[in-house]
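A.B. asks: So the chains spell out like this:
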Amino acid sequence: MPRLSAAAISFPLLLWACGGSSPPAVTTPPEASLEPEPGQLDTQQVTHLSRRTQWTTGSYALTDSLADGIDGYLGELLDPAHRDLFTETEALGLIADADHPTESELVQWWLHLMVKSRVPFREIMAFFWHDHFATSIERFDRFSRYLLKAQIEKLRWLGTGDLRQLLYFMLTDPAMLIWLNGVDNTREQINENLAREFYERFTLGVDNGYTQADIQETARALTGYRVERDQQAQLDRVVFDPSRADTSPKTIFGRTGNHGFHDVVDLVLAERPVAEFICKRLFEHFCYADAPPEVVAQLAAKLRTSNYHIAPVLYTILRSRAFFAARSRESHLKSPVEMGVGLLRTTRLALPLSIVDYLLASQGQRPLAPPDVGGWPDDDDWLGAGSLVLGSQFAHALATSRAYQAQHYTPIDLLLPVVSERTANAVVRSLADRLGLVLTPDEIATYEQYLDTQAVEVGTELQLQHDTFLGNYPMHVSERVRGLLFLLTQHPSYLLR
Amino acid sequence: MTVPTVMKGPAQISRRDFLSTGAAFLAASHLELGLPRTTDGFITLINLVGGNDALNTLVPTRLQAYALQRPAIAIAPAAGLPLDTGPFANSDYVLHPAMPALASLYRAGFVAFVRTVGYAGANMSHFSSQDVWSRGAVTPTQPDSGWIARYKDLYAPEAINVVALGLGQQLDFRGGTTPSTFSLIPDPSTLPPYTFTGDLPFRANDRLRFQVAEQVALRARAVGLPERARVAQLAMWDQFRELRGTTPPVVPPAYPGTSLGSVLSSSAEMLRAARPVKIFYALGGQADAFDTHYDQGGVVGRHAESLAVVDAALAAYAADLQQMGVWNRAVIVLFSEFGRRNASTSTGTDHGTGGLMILIGGAVRGGMYGPDLTEEAVSAFTLPMLVDFRTVYEELLSRHLEVDSAPVFTETYNRQPSLGVIL
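These protein sequence lines map, in sequence, to chains A and B.
Per the numbering used here, the first sequence starts with residue 2, numbered consecutively.
Per the numbering used here, the second sequence starts with residue -3, numbered consecutively.
Just so you know, the hints here were simulated from the structure itself, not pulled from any lab data.
For clarity, every value in this text was computed on a predicted model and none was experimentally measured.
There could be a bad hint or two in this list.
To be verified - One side only, chain B facing chain A, incomplete, derived with CB under 8 Å:
id: 1; residue: 120
id: 2; residue: 123
id: 3; residue: 203
id: 4; residue: 204
id: 5; residue: 205
id: 6; residue: 209
id: 7; residue: 211
id: 8; residue: 213
id: 9; residue: 216
id: 10; residue: 218
id: 11; residue: 220
id: 12; residue: 226
The C-beta atom is built at its ideal place from N, Cα and C for all residues, glycine as well.
The task is simple: from the sequences and hints, build the whole structure.
C.D. replies: Structure follows, in structure tokens:
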């Protein structure tokens, strides 16, 4: 893994770590404290860090990365220059015609990055912002679909960057202008859609500090874009057409002027609690729901003093006692993408991306296809969508796609102890550790018993007989170990993010 | 309730007509006319999400305004499928040519069209309108649960009583306290052979695996896991056991390889296994399948393609239900959050208000319901909403599922007399 020089990372880290934080309050419970987690991280905490920042589950993934301490690790994590160009190139290879990608090609392009990238945090943050600025591929066709890829690239690049710049980009993003009818918004006839969602979803939250008049005035400030179809190249382009732009004065949040796109962003940042809204979302994503107001206030102050750079806020969150507290480790359920991509990253077992796409779509979380501008549901809202069953199908597909995995050199043996140490107990423990599961002795015994059982159908009856697990016997390895992997993914604890 | 008999007289002719329409409809000798309808009714809801265009689905043949309003997409009467034979013969409308199975079923007396369905204060936003339909209430968040969830909590507490076929029904199921069953739908053609393949040694291990998983789930303590997740997971294992137990799979009649075809075949499987399902719920297409802002077309085009997908799945499903002898217990409901604008744009239609609800099945009294379309209605901006959709839902609950619908639909609305669409 490429590493930055110590000088390049230590300077900003010192600033982030020392600047602006309030004096330690002795009575603050750990889950509400943004002070750095003191001391060495234990296994559960490392597992947690790995889940949130690598989309893997076991602590094994971070053993090397944390060798130099968590500060070095976070510095690398939050550095936008830290990329995996090899995997990015591989992913681009999945798109046959860059100007006219198909839906599946685009979804699989991103899935490939999510599953294979050595810098998964870039995809984690891009996916966070994709959920935030939710734009659906279903709105686009072969003329315009390339524009959505461009939007995702912006999110991948700016995910830990400058929020002000991100908002500038999103308000003028061609895919966004098409998706929220910015291209239909003219000085003769305004279309409020983009202006409304900009406040409601992107910067403030529903009815939080804006009026219908602010929306209409903002819509006027956002006029001027239209779609132009290039028949020769078979491409739609979004162009700025001054004849459609409203250049008369507008009054937004009580401030009058000939406001345009940049002014809308600057005004909302200056006049309204955008920092609180964004920091609350970030904290709740990485820690737990219903963030304490004082925590949000501290993070918002940090965001403002860092001139709206997101990385220092993320650093504060990911280094904090709150992040490593039990409440943060226990409160979220995995979304289908977190479950599916996480399993693929954790086990490194291969599954065709077309199947991954299909299964995630079946569960209702196809990347690039959020249900609406509100993004996807959270936590136990997923339970109502049948995704538990289909998540189970995902795990089952992964655990049993033996032939495909053999073709792609990802045999399940690579997850097991060496043959001479492959007892039932050792196999259970090593797979559980890989999945980050903490099992009771009783559960370990149940899984061991499963490995030691031969099941036979006699008519419609299922007969079970003891048959000692032999780790070097291919039939046992292929069927029972795969069965065990599936079983472990179905342990209730594995539902937790 | 009294148990009415299935249509007599004209229906005899029309049934023959229906049964002779093609190989999809297999002869159903046990389907004797006059057979008392079992009281064990079930409903299969199919949501044509996105706003299905009522005017181009059931096309008025005598209204001049229709062709004038829709130069880009009008369907000529001669191009539509006639509905002018059978017990409910009607020549004022023809059906979209992409729906031959539905036309046959109509001519056989099994289809009711309810025109200008909607609710007061129609909202032309997908989100708002879907919200109203799914909650069965117009006032936002009052109540804040899906009507199916309320029905289930009150009358159908077993998980298997209400089955979501596939995905996308969160709205209608939200807020309930008893878990629903979610069908195991993956389309076999797109998946690696990982399920119960009948491959004997592996099948046995599969079954054992599900037993152990359930055993662990029952006992495990997952610190921090919400109770609702635990309940949902246990319900899931229950479901695996129920649905994937020892019954060998029956090869179903040929269903189309679409997701709707696949989920309707799952529904038929459960009925074949005599599972006590009261409501099935499926999506009739992808999110934008019926949201025909562009390239809608008339006889051919995006709308025709979307309707054809529904029709093909419906043909197989109806044949299957007939074959297994549950047709008289069936009401299949096609609905959508709104209809579309009367006037076409350059290649499609924008969101409108009054929609079309279609009820299909052996328990349905066929024919046309709701006020006839008029020149005035079709000349207007958008069709009126004259029949509140809850009038139909309440009749389905009270007459077909035989429960009191009042606690499910609690909001006061312009409640009309039952349409009499259930036999």
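A.B. asks: Hints first: check each against the structure and report whether it holds.
C.D. replies: Hint-by-hint comparison with the structure:
Violation of the interface hint for residue 120/B is found here, the shortest Cβ-Cβ separation to chain A being roughly 13 Å, above the 8 Å cut-off. The beta carbon of residue 123/B is positioned within 8 Å of a beta carbon in chain A (closest approach about 6 Å), and the interface hint is therefore held. With a cut of 8 Å, the hint placing residue 203/B at the interface with chain A holds, because the nearest CB-to-CB distance is about 5 Å. Of the supplied interface hints, the one on residue 204/B holds, with its beta-carbon coming within about 4 Å of a beta-carbon of chain A, less than 8 Å.
Taking 8 Å as the C-beta cut-off, the interface hint given for residue 205/B holds, the closest approach to chain A being about 5 Å. The beta carbon of residue 209/B comes within 4 Å of a beta carbon in chain A, closer than 8 Å, and the hint placing it at the interface holds. At its closest, the beta carbon of residue 211/B sits 7 Å from a beta carbon of chain A; the interface hint therefore holds under the 8 Å criterion. Checking residue 213/B against chain A by beta carbon gives a least distance of about 6 Å; that is within 8 Å, so the hint holds.
About 5 Å separates the beta-carbon of residue 216/B from the nearest beta-carbon of chain A, less than 8 Å, and the hint is met. Because the beta carbon of residue 218/B sits about 4 Å from the nearest beta carbon in chain A, less than 8 Å, this interface hint is met. Interface hint at residue 220/B: satisfied, since its Cβ lies 2 Å from the closest Cβ of chain A, which is below the 8 Å cut-off. Annotation: residue 226/B was flagged as interfacial toward chain A, and the flag holds, the nearest CB pair being 6 Å apart, inside 8 Å.
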